[in-house]
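A.B. asks: Protein chains in written order, with this note's numbering: chain A, 37 to 121; chain B, 1234 to 1652; chain C, 489 to 754.
Keep in mind that the hints were calculated from the coordinates and are not lab data.
Please note that the accuracy of each hint is not assured.
[What the hints assert, rightly or not] Some chain C residues close to chain B (C-beta under 10 Å, calculated; not the full set):
#1 L511
#2 A512
#3 L541
#4 E544
#5 V548
#6 I550
#7 E618
#8 L621
#9 E686
Remember, predicted model here, so these are calculated numbers, not experimental data.
The beta-carbon is built from N, C-alpha and C at its ideal position, and this holds for glycine as well.
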Amino acid sequence: MQELKEQIKEIIVRDLKLQGIEPAEIDDDAPLFEEGLGLDSLDAVELVVLVQKHFDVQIEDMDEGQAAFKSINTLAEFIEARRKK
Amino acid sequence: MGGGIDNNSNSPVVVTGMGCMAGGGIDVDSLWRNFVRAEVNCRPVPSYLFKTILDYPVFAAPVDCFSERAEALAAETRPGFKKESVSRTILLAFSAAAEALQRAGLSAEYLRSVRVGIALGTTVGCTFHNEEYYSAWREGGEPDLAPVQFYLAGNVSSALHRILGTSGPSAVITNACASGTDAIGVARNWLATGQCDIAIAGGADELSRVAYNGFVSLMLADKQSCRPFSKDRQGLNLGEGAGVVVLERQEDAEARRCSPLGWVRGYGCAADAWHPTAPHPEGRGLKTALRQALRDCGDPEEIPALINAHGTGTKANDRAETAALAEIFVAPEKPAVVSTKGVTGHTLGAAGGIEAIFTLTALRYGHTPGTVGCLEADPELPMPVLTQSENRHLNGHWGISQSLAFGGGNSVLVLEAAK
Amino acid sequence: MSVPVAISAIARLPKDYEVPDELARDLRRADAFIQMAVVSSFTAVSKLSSENLPPEEVGVFIGTAFGPLETNFESLGSLIDDGEGQISPTLFSHSVYNAAAGYVARLLDIRGPAMTITNYGWPFLIALEEARLAVASRRIGRAVVVGVETYSELLADAYRRFFGVKETPWQRSAVAWVLEAAEEASGNCRLAGIKIREFEADPADLLTRRDETLTGSGINPELPRQPLAYVEALSEAVEFFADSSKSEAALSLKAPFGEAEIQLSR
Chain A
37 MQELKEQIKE IIVRDLKLQG IEPAEIDDDA PLFEEGLGLD SLDAVELVVL
87 VQKHFDVQIE DMDEGQAAFK SINTLAEFIE ARRKK
Chain B
1234 MGGGIDNNSN SPVVVTGMGC MAGGGIDVDS LWRNFVRAEV NCRPVPSYLF
1284 KTILDYPVFA APVDCFSERA EALAAETRPG FKKESVSRTI LLAFSAAAEA
1334 LQRAGLSAEY LRSVRVGIAL GTTVGCTFHN EEYYSAWREG GEPDLAPVQF
1384 YLAGNVSSAL HRILGTSGPS AVITNACASG TDAIGVARNW LATGQCDIAI
1434 AGGADELSRV AYNGFVSLML ADKQSCRPFS KDRQGLNLGE GAGVVVLERQ
1484 EDAEARRCSP LGWVRGYGCA ADAWHPTAPH PEGRGLKTAL RQALRDCGDP
1534 EEIPALINAH GTGTKANDRA ETAALAEIFV APEKPAVVST KGVTGHTLGA
1584 AGGIEAIFTL TALRYGHTPG TVGCLEADPE LPMPVLTQSE NRHLNGHWGI
1634 SQSLAFGGGN SVLVLEAAK
Chain C
489 MSVPVAISAI ARLPKDYEVP DELARDLRRA DAFIQMAVVS SFTAVSKLSS
539 ENLPPEEVGV FIGTAFGPLE TNFESLGSLI DDGEGQISPT LFSHSVYNAA
589 AGYVARLLDI RGPAMTITNY GWPFLIALEE ARLAVASRRI GRAVVVGVET
639 YSELLADAYR RFFGVKETPW QRSAVAWVLE AAEEASGNCR LAGIKIREFE
689 ADPADLLTRR DETLTGSGIN PELPRQPLAY VEALSEAVEF FADSSKSEAA
739 LSLKAPFGEA EIQLSR
């Protein structure tokens, strides 16, 4: 699970082109959207595509997405529960 | 050469012709019939357009989207013209233009004797989307250069000038979903300031695999036919087509004894300055554009009889758009608000052109169909809209057609029908 | 009736431009096309000495021949490489030509018209005329007008193969002008009018820009063979005029694909 979280942080910083922050600096529980990292709705749909690409996990709609994207922890749990082993 | 705005600045601009070729209708009469009959012709992407594994339905124009009328006109103005030499977007645009020119009673010979301005909106029609060429080149190959030449000959307005043999101002407006509306605004300005004598304006866009995938990735597309303003709306359907109007200064149309279909009375254009893809939640830019357009036509006391909304069927658009309308039209008597994308799909650059035609036609006939695809309106929308069964008689001759674009642009036309 | 329109500021983006710190965060996802449009606009506006206007009274007008062509291809690449249903929504939305105008509007808080126009000949000139009309008719009090090109390696390769040469003469760049209603303006040059006529063009001429000239400007009429050379030349001509003692100038652009007249006055 820890490795998954680190992978997710790398993807977020690199593929969402975040400035001035290292993956290791992202707090597992910090909100990703609004406050915290300040991601927006375009980042949200980009993240859906990235999760699909890297982990082969589908997110059907943004209601599902919003819940999963609350924090690194929730996203890691979401992916872990759904990815094909 | 005059400086600044010349004497024509107050000259009313009339619409003397309208034409379309789209998934929603192969000419203006079919388009109108499809609205009235609530014909929803969306289907899986036909193989003649592109291969896809995705199942989001689209409103595709016919495989042969170059009308007979267009063929005849092109044969006259550019003997030897071959359809294969231009993009599908150009064929759509030319078909619509040919119908509009015919309705305006303008011969090819006459067009060559005056200054013709061509302003067309597009989103896909300006891009280089030849996947084979790109793939081959990326792998270090030296693919045949024909697709690059095709791309360089692909500016829609320049192409129409070339086929028609006309000359005058030329612009392709690439304001995403508001392009067609803006193109008509630009053309009207050209006429009002004496840059040209006849203007051909509107928009055209073919369906493209890239755009299709793009809207799916943005989670803005519906797997069913779209449901604008509905409680359970899930997004848009893409469509393709072209909608074109012919515009002139009123005195010029009168001089050649052409009765106008109506007028472009006002135009407004304003940016949300908010987000790359989402509209301002309260429709901030749309409010500014509406105020500008209304001011432009002298701030009429009566309300518009009809508002053709952008109404794509996405959660965000329909909410933002009605929020803006509710703040502008506060009087208890409300304009009839309808979305037409349930019959046409979202034709991107063409939408503003097709919808100006719908708006003017409804105003001329004095009634509008309801919003096809909207069986039950979302009760949380702050502005009442017409549901599918609510066909409405219109109290008045003028109305609004508005567009909200990707990137936050908002554009509004005020149109009046001739009695 | 109509208001005289002044050219208040001109900013040419240097080859090695830097994104100002205050814009870096908002430009994190932006491609070079957007960055160049934003930075050149920002620089031009920062040269103004006139008062701030309400945001609804300022517009942005972008003219481009090739649009965000690099991003267009990256977007295509994403579709090919990642398969359907997985194209990057960020790349796709940034490949739409008006993305740059949206960014300029947002970062400079411009809430008047945001217009993007494309044409292979003189798109900046078409945008300039739209902007001039908008200011002259009092729809807005200020307009930022941008000419921007990034080209792309694919286009450069096609150029080299088509003409059998080893190099392409282009360089990605951006130029931004600010037009204002003359009463409020800070410049010493007015844009009195523009007229453009387009001719049927051989696609090759649109790329090579052969025989493109600007006369009446007091500067060398022969333009370097680049799609943005006319914008650089017009900028130079305006600065030359502003420094001179002439009361007016009639600039004439000519090329195989068209002709245009630009009238300057005081």
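A.B. asks: Confirm or reject each hint.
C.D. replies: Status of each hint after checking the structure:
1. L511: Given a least distance of 14 Å, the restraint on L511 (chain C) is violated.
2. A512: Where the cut-off is 10 Å and the nearest Cβ of chain B is about 16 Å from A512 (chain C), the hint is violated.
3. L541: violated, 14 Å
4. E544: holds, 5 Å
5. V548: holds, 7 Å
6. I550: holds, 9 Å
7. E618: Holds. Min distance 6 Å.
8. L621: holds, 5 Å
9. E686: holds, 5 Å
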